[in-house]
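Residue numbers (numbering that gives the first Met the number 0), protein chains in the order written: chain H, 0 to 292; chain U, 0 to 281; chain L, 0 to 349.
In short, the hints are calculated from the structure, not lab data.
C-beta atoms are modelled at their ideal positions from N, C-alpha and C, and glycine is treated no differently.
Mixed in with the good hints there might be a few duds.
What the hints assert, rightly or not - Some chain L residues judged to face chain H by a derived CB distance under 10 Å, without partners named: (1) G50; (2) L51; (3) D53; (4) R70.
What the hints assert, rightly or not - Taking lysine-lysine and the DSSO-like style, the derived pairs with C-alpha atoms no more than 27 Å apart in a straight line are: (5) H:K255 with U:K227; (6) H:K256 with U:K227; (7) L:K152 with L:K103.
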Amino acid sequence: MEQHNRFWRIALLSLPLAVFGLFVVWPLFSSFYYSFTNWNGFDPDYSFVGFDNFAKIATDRLFLQAAINTTIWMVAAIVLPTALGLMLALLLDSRVTGARVFKSIFYLPICLSAVIVGQIWTWIYQPDWGLLNTIIAQVSGEKFKYAWLAKPDSALWSVIVAWSWQQTGLSMVIYLAGLTAIPGDLLEVCEIEGASPWQRFRRVVLPLLAPSTVVVIALSVINSLKGFDILYIMTGGGPFNSSDTLAMHMYNESFKKYLMGYGSAISVVLFLIALAIIGLYFRQLRKVDRIYG
Amino acid sequence: MADTLPATRFNPWSATIFTVLCVLAVLFLLPTVGVLLSSIKTTREISMGELWSLPASLYLGNFAEVLGSPAVHQYFLNTLLVTVPATAVSITLGALAGYVFAKLPFRGSNALFLVIVAGMFFPPQVILVPLFRLFNGMGLIDTLWPVIIVHSALGIPICVLMMRNFFATVPNALREAAIMEGASEWQVLTRVVLPLSLPALAVLATLQFTWIWNDFLWPLIFTQSDDKRTIMIGIVNLKGQYSVAWGVQGALSLAASLPTLLVFLFFQRFFIKGMTMGAVKG
Amino acid sequence: MAQLQLSDLRKSFGTVQVIKGLNLDIADGEFVVFVGPSGCGKSTTLRMIAGLEDATAGVIALDGRDVTRTRPADRSIAMVFQSYALFPHMTVADNIGFGLQLRKEDRATITKRVAEVAETLQLTPLLARYPRELSGGQRQRVAIGRAIIRNPKVFLFDEPLSNLDAALRVQMRLEIARLHQRLGATMVYVTHDQVEAMTLADRIVVFNDGRIEQVGTPMDLYEHPANRFVAGFIGAPAMNFLPVRVTGGRLEVPGTEPTPVPPGKEAATELGVRPEHLAVLASSTADLVGEVELIERLGAETYAYVRVPGLPSDLTIRLPGETEIRPRSSIGLKIDWTRAKWFDASGKVL
Numbered sequence: 000m001e002q003h004n005r006f007w008r009i010a011l012l013s014l015p016l017a018v019f020g021l022f023v024v025w026p027l028f029s030s031f032y033y034s035f036t037n038w039n040g041f042d043p044d045y046s047f048v049g050f051d052n053f054a055k056i057a058t059d060r061l062f063l064q065a066a067i068n069t070t071i072w073m074v075a076a077i078v079l080p081t082a083l084g085l086m087l088a089l090l091l092d093s094r095v096t097g098a099r100v101f102k103s104i105f106y107l108p109i110c111l112s113a114v115i116v117g118q119i120w121t122w123i124y125q126p127d128w129g130l131l132n133t134i135i136a137q138v139s140g141e142k143f144k145y146a147w148l149a150k151p152d153s154a155l156w157s158v159i160v161a162w163s164w165q166q167t168g169l170s171m172v173i174y175l176a177g178l179t180a181i182p183g184d185l186l187e188v189c190e191i192e193g194a195s196p197w198q199r200f201r202r203v204v205l206p207l208l209a210p211s212t213v214v215v216i217a218l219s220v221i222n223s224l225k226g227f228d229i230l231y232i233m234t235g236g237g238p239f240n241s242s243d244t245l246a247m248h249m250y251n252e253s254f255k256k257y258l259m260g261y262g263s264a265i266s267v268v269l270f271l272i273a274l275a276i277i278g279l280y281f282r283q284l285r286k287v288d289r290i291y292g
Numbered sequence: 000m001a002d003t004l005p006a007t008r009f010n011p012w013s014a015t016i017f018t019v020l021c022v023l024a025v026l027f028l029l030p031t032v033g034v035l036l037s038s039i040k041t042t043r044e045i046s047m048g049e050l051w052s053l054p055a056s057l058y059l060g061n062f063a064e065v066l067g068s069p070a071v072h073q074y075f076l077n078t079l080l081v082t083v084p085a086t087a088v089s090i091t092l093g094a095l096a097g098y099v100f101a102k103l104p105f106r107g108s109n110a111l112f113l114v115i116v117a118g119m120f121f122p123p124q125v126i127l128v129p130l131f132r133l134f135n136g137m138g139l140i141d142t143l144w145p146v147i148i149v150h151s152a153l154g155i156p157i158c159v160l161m162m163r164n165f166f167a168t169v170p171n172a173l174r175e176a177a178i179m180e181g182a183s184e185w186q187v188l189t190r191v192v193l194p195l196s197l198p199a200l201a202v203l204a205t206l207q208f209t210w211i212w213n214d215f216l217w218p219l220i221f222t223q224s225d226d227k228r229t230i231m232i233g234i235v236n237l238k239g240q241y242s243v244a245w246g247v248q249g250a251l252s253l254a255a256s257l258p259t260l261l262v263f264l265f266f267q268r269f270f271i272k273g274m275t276m277g278a279v280k281g
Numbered sequence: 000m001a002q003l004q005l006s007d008l009r010k011s012f013g014t015v016q017v018i019k020g021l022n023l024d025i026a027d028g029e030f031v032v033f034v035g036p037s038g039c040g041k042s043t044t045l046r047m048i049a050g051l052e053d054a055t056a057g058v059i060a061l062d063g064r065d066v067t068r069t070r071p072a073d074r075s076i077a078m079v080f081q082s083y084a085l086f087p088h089m090t091v092a093d094n095i096g097f098g099l100q101l102r103k104e105d106r107a108t109i110t111k112r113v114a115e116v117a118e119t120l121q122l123t124p125l126l127a128r129y130p131r132e133l134s135g136g137q138r139q140r141v142a143i144g145r146a147i148i149r150n151p152k153v154f155l156f157d158e159p160l161s162n163l164d165a166a167l168r169v170q171m172r173l174e175i176a177r178l179h180q181r182l183g184a185t186m187v188y189v190t191h192d193q194v195e196a197m198t199l200a201d202r203i204v205v206f207n208d209g210r211i212e213q214v215g216t217p218m219d220l221y222e223h224p225a226n227r228f229v230a231g232f233i234g235a236p237a238m239n240f241l242p243v244r245v246t247g248g249r250l251e252v253p254g255t256e257p258t259p260v261p262p263g264k265e266a267a268t269e270l271g272v273r274p275e276h277l278a279v280l281a282s283s284t285a286d287l288v289g290e291v292e293l294i295e296r297l298g299a300e301t302y303a304y305v306r307v308p309g310l311p312s313d314l315t316i317r318l319p320g321e322t323e324i325r326p327r328s329s330i331g332l333k334i335d336w337t338r339a340k341w342f343d344a345s346g347k348v349l
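Start from the sequences, fold in the hints, and give me the full structure.
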């Protein structure tokens, strides 16, 4: 039996592992290699430059800007959709009329691509006939022509709103599933013990939603670390790099300026940040696992 | 509690919830309605600030232009040529590895599983440069191959995670019973475990199809000529070509979203169920 | 039909030895039941016979042929699982015929064989149903059908009745007994329920801690247990154990007058008396006097739990259904000395 199992393990695992190793793991380690070179993307010749690329990162003003933006982007892009999704899930869980229709409406944006979401919201923020300015003009009674995406003050946050609009449905669905999984008798106990709705939410429902929160946060982290498409479409990192993220910055240095060595160095930093977040996340996960198995 | 009251009596609490939800639903729908409206208006109407009013007449010129364009046909064809094989391959590879992790664990298999799943968390930009060099060396730049291959490989973590978690819910006794009846491991997988995993396969198919269809980054990096571009790049290119062809852009966006919406509707029945099983219970 | 032979069978998981050397001969057509507490190795042994677990050492022989390294499917063995292990996406007919399908038998043969098996198990009207649409007993019969269709040499049952409710369990127990009578096949049956063991078995194998404690017919084990473990495990309610001390040719049982030691029992440290071998008497002629703690009425019979001063635990006694005895009353108990068992310090019966 064990011999038979060993054969099938190898037979079934070799193909997935080969593909994963060749096109994911190996490139990952190659990134480290290229980060010590000055490869420009097309020349076969390149030379080692030691830690020059990393030294450059330390003095790169745009990198600093991108790092700050990435932090803002990630925190907001995790907190906003998660909180909003939880709120929607709680509202929908109270067996309100038309819950199914509402669910579909809130979920719909998830099916759209970042390109299309970016385009929709570019129109909403359009200064001349965009929805946002039209509404503000209607309400205030004056002409309003603010260019949301073209002003450094508002560009990043405007994209964050669009992103949250798209992502909220996902956390809502996961929280709804989590809410249905809470045993009814636990809520009945709350009623018998005389808990207020707030106490019931804070002390019972929210802790029991921890497994859902784990999934929601994981998906948000994954999606927001990848946050590239929508920024590329809506602002291209501008204006004046005010909405540049590390992923954006890396793309620009590698594929616009053809500084692939430097781009690799940025991606190594990005990798280390991701690694730190994953480490933190798995530690939290173990805690949740102890309770919920 | 709200739901213990007789249904006929007016309940201010649920009425409030309903109102709040209605307001939110309108806010959520508005952007999508915008695209819908743009697609049936002329570019002139839109630039005059008439986008957000109800249309006086139904203008189908945008759709005619989009659907009649050979370039758009090519975009759709390319996207299909990437999405369908990459979805199938990533799910197949995920099922193979997921089966081993769920049913044939070995010393160190959990660690290996975690390493693969961790791959899901990394921003793809990290492997952009080496992959570009790899495919450049193979002479595959500006073909669809790198896009297919990369999507197949990057789909492995999520597919392995979901398949393993789902396979774990299939009782071990079923595998053992099949083996007692003379089934090989391959027959256990194809005749017992996979048929029982249709909901998980449906969820994965939806996720992967949507994700690959909608992707923008990889075709942007690996393709250059217009006849190799996918639909999402096509939309962005269109934006560059005529900067104010909003109506046409709206029509194309709508057409480009249709396949993923259809896939979602088709698999919706399994989707939430599978999501719960694969994710929350995982 | 086949005889099955286990020789010095061992199994280790890592450094932990769970089966510590088994020797057992099972005759052709015999119904053998493995019993023992959970974790005693009875299921592991069954799974080794099936081929689902590798033996670490030793030999499993079927009709004299060494099958220790043979694939499960090539051993001519069928197994009925605790959870039935029916394939939820197959109909009853497909579940029963699955093994034949895998052997690429032609469709007509499969249909015919499935029909025959279904007929003998009264499953014919259910052939098109899915397992979800069946009751527990019906599922059990499908699982049995899947086992018998291949005419295996040996049937293995892994606690097949433990998922059924009490009434159904009795009914299925009878059906399995009838099946054995009809097929005359060799059967190995694992259970932790000693009633199942007593009623079904030709021979019972009592497992404890990876070893066989005793092998024998049900009445043999009841009347002549080899040791304290078997004596305590077989029989319900369980045997009462009284600590005894032998000093200078006199036997001291707490709560009784010292008596002369019966010959051959000088090494005794413990006395075992079954609940049915304690009679209620007037206090004056009794061996033991105690107070009734609790009464459990089962209808046909009644159990009383009696506290005797000086004994570490209550004595269980078996009484007729109708009894005058009330809780908190004082009663005298007479030991049936001819049926009592004597154990030495190592637990062996004297």
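A quick look at each hint next to the structure:
1. At about 6 Å, the closest approach between the beta carbon of G50 of chain L and any beta carbon in chain H falls short of 10 Å, and the interface hint on this residue holds.
2. With a cut of 10 Å, the hint placing L51 of chain L at the interface with chain H holds, because the nearest CB-to-CB distance is about 6 Å.
3. A cut of 10 Å between beta carbons decides the hint on D53 of chain L: the least distance to chain H is about 5 Å, and the hint holds.
4. Interface hint at R70 of chain L: satisfied, since its Cβ lies 7 Å from the closest Cβ of chain H, which is below the 10 Å cut-off.
5. Between K255 of chain H and K227 of chain U, the direct Cα distance comes to roughly 20 Å. Compliance with the 27 Å bound is thereby established for this hinted pair.
6. Taking the CA atoms of K256 of chain H and K227 of chain U, the gap is about 23 Å. The hint holds against a cut of 27 Å.
7. Annotation: proposed proximity of K152 of chain L to K103 of chain L holds, straight-line Cα distance about 21 Å (limit 27 Å).
Consistency with the previously given hints is maintained throughout, with no hint failing.
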